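Participant: Sequence:
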Amino acid sequence: MEKRMGSRLSALFLLLLLAISFEMQAEVAEGRRTCLSQSHKFHGYCVRSSNCRQICQTERFLTGECRHTHFGNRRCICVKPCD
179 MEKRMGSRLS ALFLLLLLAI SFEMQAEVAE GRRTCLSQSH KFHGYCVRSS
229 NCRQICQTER FLTGECRHTH FGNRRCICVK PCD
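Residue numbers (the working numbering): 179 to 261.
What the hints contain is simulated information worked out from the structure, not anything from laboratory work. Every value quoted in this text rests on a predicted model; they were computed, and no experiment measured them. No residue lacks a Cβ here, since even glycine has one placed at the ideal position from N, Cα and C. One or more of the hints may lead you astray.
[Said to hold, decoys possible] The calculated label-pair distances, taken between Cβ atoms and stated as ranges, are:
hint: 1; residue 1: C213; residue 2: R182; range: 35 to 45 Å
hint: 2; residue 1: Q232; residue 2: D261; range: 32 to 42 Å
hint: 3; residue 1: C213; residue 2: R186; range: 30 to 40 Å
Go ahead and model the full structure; you've got the sequences and the hints to work with.
Facilitator: Laid out in structure tokens, this is it:
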């Protein structure tokens, strides 16, 4: 029984690390790196990417879209080329 608990805790820890890495992720698209950041101005559940895009543009990003996070929530994620 304790062996199961240990493996479950290990799996939970790995999922947590994976979740953190998604928050700081940089995607590679067409040879250019694209940086992602959760919007600081968009609040609540993200339903329409068009609303998210407009908010992200006010935050000096190129675009934005609603994406599922690791906990199943939909958040507004802003996108711009990395420096």
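Participant: Determine for every hint whether it applies to the structure shown.
Facilitator: Taking the hints in turn, this is what the structure says about them:
no. : hint                    : result
1   : C213 / R182: 35 to 45 Å : holds (40 Å)
2   : Q232 / D261: 32 to 42 Å : violated (23 Å)
3   : C213 / R186: 30 to 40 Å : holds (34 Å)
Of the numbered hints stated above, the single one contradicted by the structure is hint 2.
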